[in-house]
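Colleague: Residues per chain, in single letters:
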Amino acid sequence: MLTSEYIKAVIQKNMECNFIEIKGDDGSHFEATIVSDIFEGLTKVMQHQKVYDALDGMMKQELHALSIKTYTSSQWDKSNMESN
Amino acid sequence: MSTEDKINSLIENNKIILFMKGNPKFPQCGFSSLACQILDACDANYETIDVLQDQEIREGIKIFSNWPTIPQLYINKEFIGGADIIREMYESEELKKVISGT
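Going line by line, the protein sequences match chains S and X. Sequential numbering of the first sequence, starting at 4, is according to this note's numbering. Sequential numbering of the second sequence, starting at 3, is according to this note's numbering.
Check before you lean on any hint, since a few could be wrong.
[Claimed, not checked] If we take Cβ atoms under 8 Å as the criterion, some of the chain S residues that face chain X in the derived model are: (1) LYS47; (2) VAL48; (3) GLN52; (4) MET62; (5) LYS63; (6) SER70; (7) ILE71; (8) LYS72; (9) TRP79; (10) SER82.
Bear in mind the hints are in silico, worked out from the structure with no lab data behind them. We treat Cβ as the ideally placed atom computed from N, Cα and C, and that holds for glycine.
Please model the complete structure; the sequences and the hints are all you need to start from.
Modeller: Listed below in structure tokens is the structure:
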């Protein structure tokens with residue numbers, strides 16, 4: 004069964020992440036939160052495309068439902084400050 | 003007509019078009035359902051294409067947008083994103099602005 008740990012490892016292998024969290028334990032629905040400096044200056048569409056690229060074809064195969072939230076380091080600091 | 007031409011003509015002829023699974027009345031996937039609910043909440047006048055009825059469009063749109071999942075939203079010929087981005091833009095009220103510019 005597909006696990007969040009495995010998805011996390013695949014993304015980390017293929018892309019620089021300052022922070023990554025994958026939630027989900029039913030084997031098919033997962034939620035990713037990813038903070039990376041490579042998102043700087045990119046549109047949301049491009050940021051998500053980077054994540055899909057890092058997943059290396061998994062979206063076409065075993066991974067059907069992955070919600071993605073992407074942040075640059077500065078956006079992440081800001082959103083954490085607001086919630087504190 | 004090639005698949006790419008078909009998709010081009012769909013997004014050129016419809017200011018707001020959602021490629022989804024099912025239709026707004028009977029969405030066949032939670033993410034497609036969410037996208038419709040948000041567009042409805044924005045009072046958007048949108049067209050939908052049910053990719054489950056058209057295997058060629060279903061695979062073609064993924065290549066066309068370089069995006070592996072459905073739903074996919076186009077507004078004024080621009081690829082807006084999938085369900086997560088639609089939701090984020092709705093929450094930040096950005097989506098309403100884009101829709102009101104159509």
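Colleague: Hint by hint, note whether the structure agrees.
Modeller: Here's how the hints hold up against the structure:
1. LYS47: holds (5 Å)
2. VAL48: holds (5 Å)
3. GLN52: Result: holds, 6 Å to nearest chain X Cβ.
4. MET62: holds (4 Å)
5. LYS63: This interface hint holds because 6 Å falls under the 8 Å limit.
6. SER70: Where the cut-off is 8 Å and the nearest Cβ of chain X is about 5 Å from SER70 (chain S), the hint holds.
7. ILE71: With a minimum Cβ separation of about 5 Å from chain X (threshold 8 Å), the hint on ILE71 (chain S) holds.
8. LYS72: holds (7 Å)
9. TRP79: violated (14 Å)
10. SER82: violated (12 Å)
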